[in-house]
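Trainee: Letter by letter, the chains look like this.
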Amino acid sequence: EAQVTQNPRYLITVTGKKLTVTCSQNMNHEYMSWYRQDPGLGLRQIYYSMNVEVTDKGDVPEGYKVSRKEKRNFPLILESPSPNQTSLYFCASRGLAGGEEQYFGPGTRLTVT
Amino acid sequence: GQSLEQPSEVTAVEGAIVQINCTYQTSGFYGLSWYQQHDGGAPTFLSYNALDGLEETGRFSSFLSRSDSYGYLLLQELQMKDSASYFCAVRDVFNKFYFGSGTKLNVKP
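Protein chains in written order, with my numbering: chain A, 1 to 113; chain B, 114 to 222.
Hints are computed from structural coordinates only; laboratory data are not their basis.
In this text, all values refer to a predicted model and were calculated from it rather than measured experimentally.
Fair warning: there could be bad hints in the mix.
The following label-pair restraints were derived from C-beta to C-beta distances [claimed, not checked]:
hint : chain 1 : residue 1 : chain 2 : residue 2 : range
1    : B       : ASN134    : A       : GLU1      : 22 to 28 angstroms
2    : A       : LYS71     : B       : ALA129    : 43 to 49 angstroms
3    : A       : ASN84     : B       : GLY128    : 15 to 21 angstroms
4    : B       : THR170    : A       : GLU1      : 18 to 24 angstroms
5    : B       : TYR143    : A       : VAL54     : 16 to 22 angstroms
6    : A       : GLU62     : B       : ASP181    : 46 to 52 angstroms
7    : B       : PHE207    : A       : PRO8      : 30 to 36 angstroms
8    : B       : THR139    : A       : SER67     : 40 to 46 angstroms
9    : B       : ASN219    : A       : MET27     : 32 to 38 angstroms
10   : B       : ASP152    : A       : PRO8      : 17 to 23 angstroms
11   : B       : ASN134    : A       : VAL54     : 34 to 40 angstroms
12   : A       : ASN28     : B       : GLU169    : 43 to 49 angstroms
13   : B       : THR157    : A       : SER67     : 42 to 48 angstroms
14   : B       : ARG172    : A       : LEU96     : 26 to 32 angstroms
Glycine included, every Cβ here is placed at the ideal spot set by N, Cα and C.
Bound-form chain A, shown alone (with noise of 0.2 angstroms):
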């Protein structure tokens, strides 16, 4: 079955605390992006990847890392979370030759206390 899938579902952390979120895709697709829902903002793109080792800042990358060392996977990094960053995170993917259809993950829920 195709799908974006992320991990954990939900997690609620102190502040200052690093933490990865883990997002994986068996599409085999070139671009993968995170995006945070927060209540009346809609999605906003945290940071972006065209492909392997490709990573580009999104609308709101402050406080973000990522990396894209294999074409499946595109870990989110929190290197000292702190409570602004309270939020749902959503992991995407899209084929570039597919469309312009992006494939979300579940979603992962985090708190930041």
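Dock chain B against chain A, hints included.
Mentor: Only chain B this time, still in chain A's reference frame:
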């Protein structure tokens, strides 16, 4: 950057037709997409307009007018399961995506 505006909430009755508008300010983009998101779920792709005009996919249609910086999603024969949030989105020339803040559609019996 880009700015996309949508109404925050729309209510309609089952069987009716509803139009969700999206106006945008952008310096350059490839086309306008629409996504549906049910409460607690992930966004799912509905449609894409690369060119001006109407695209139809079953009960859903989407329209784009670049000269008016405007698009809409048209949902016909509304069903209760259409109650969800709907987002318009654009991909700019640098391959960044921008989403509107979303429109919550309430379908009443």
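Trainee: Now, for every hint given, state plainly whether the structure supports it.
Mentor: Going down the list of hints, with the structure as the test:
no., hint, in the structure
1, B:ASN134 with A:GLU1: 22 to 28 angstroms, "violated, 35 angstroms"
2, A:LYS71 with B:ALA129: 43 to 49 angstroms, "holds, 45 angstroms"
3, A:ASN84 with B:GLY128: 15 to 21 angstroms, "violated, 43 angstroms"
4, B:THR170 with A:GLU1: 18 to 24 angstroms, "holds, 22 angstroms"
5, B:TYR143 with A:VAL54: 16 to 22 angstroms, "holds, 19 angstroms"
6, A:GLU62 with B:ASP181: 46 to 52 angstroms, "violated, 34 angstroms"
7, B:PHE207 with A:PRO8: 30 to 36 angstroms, "holds, 31 angstroms"
8, B:THR139 with A:SER67: 40 to 46 angstroms, "violated, 30 angstroms"
9, B:ASN219 with A:MET27: 32 to 38 angstroms, "holds, 33 angstroms"
10, B:ASP152 with A:PRO8: 17 to 23 angstroms, "holds, 20 angstroms"
11, B:ASN134 with A:VAL54: 34 to 40 angstroms, "holds, 35 angstroms"
12, A:ASN28 with B:GLU169: 43 to 49 angstroms, "violated, 30 angstroms"
13, B:THR157 with A:SER67: 42 to 48 angstroms, "violated, 27 angstroms"
14, B:ARG172 with A:LEU96: 26 to 32 angstroms, "holds, 29 angstroms"
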